[in-house]
Amino acid sequence: MDLTKYKGIIFDMDGTLVDSMPAHLNAWKETCEAFDIPFDREWFYTLGGMPTIKTAHAINEKYQLDCDPVLLAESKLRVFDDIPHKGDVIPATFNVLKQQKALSKKIAIGTGCQRRHADELLEVTGLMPYLDAVVTSNDVENHKPNPDTFLEAAKRIGIEPKDCIVFEDTELGRSAAISAGMDCYLVTDGQIAEFKSA
119 MDLTKYKGII FDMDGTLVDS MPAHLNAWKE TCEAFDIPFD REWFYTLGGM PTIKTAHAIN
179 EKYQLDCDPV LLAESKLRVF DDIPHKGDVI PATFNVLKQQ KALSKKIAIG TGCQRRHADE
239 LLEVTGLMPY LDAVVTSNDV ENHKPNPDTF LEAAKRIGIE PKDCIVFEDT ELGRSAAISA
299 GMDCYLVTDG QIAEFKSA
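Heads up, the sequence shown is in my numbering, so the first residue is 119 and it goes up one at a time.
Hints may be right or wrong, so weigh each one.
[As the list claims (entries may be wrong)] In the DSS-like style, the derived pairs of lysine-lysine whose C-alpha atoms are separated by at most 27 Å in a straight line are:
1) Lys280 - Lys125
2) Lys216 - Lys280
3) Lys223 - Lys273
4) Lys273 - Lys125
5) Lys273 - Lys172
Derived from the structure by calculation, the hints contain no laboratory data.
Please put together the full structure from these sequences, using the hints given.
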């Protein structure tokens with residue numbers, strides 16, 4: 119994998135840089151059980167990168183329900199808060215991050231996570247000192263698969279989108295990267311798997 123031509127490296131967080139998707143999925147599972155909603159783990163995984171409130175709306179749409187999305191989202195966030203260990207760094211992508219940081223590349227996070235959860239997870243895992251910018255769901259109006267998260271990340275590190283590469287673990291995120299005019303590596307099961315150019 120040759121990243122020489124890129125000046126900015128942007129990582130999604132959950133499932134890409136930190137193995138925190140199981141914690142998110144378990145929080146949704148508990149919430150679904152509390153609200154008598156079916157839980158489809160694979161479907162929930164495809165929504166990785168989507169803010170919690172939007173996932174709540176997607177649940178209503180998928181199952182033709184009329185649950186209060188705010189209550190659903192609050193329940194999920196409360197359960198997630200109570201999970202003591204939310205995940206470890208993923209070695210494959212963390213190695214890329216360290217190598218690129220050593221080459222003085224600009225490093226950013228572009229996540230659909232809320233600011234408080236992102237900051238907490240990045241601090242606990244020791245990733246924060248490596249980062250030049252962190253863009254969360256609180257920082258943009260239009261979330262993945264829209265390109266805004268990654269465009270904002272590029273802006274904050276002062277690099278043109280065409281000079282950035284994104285690492286993502288969902289099709290939703292990859293679509294956002296390509297829409298932003300950025301090449302993208304897909305991370306599957308903790309391994310850097312597939313490259314797609316913008």
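| Can you give the numbers of the hints that this structure goes against, from lowest to highest? | none
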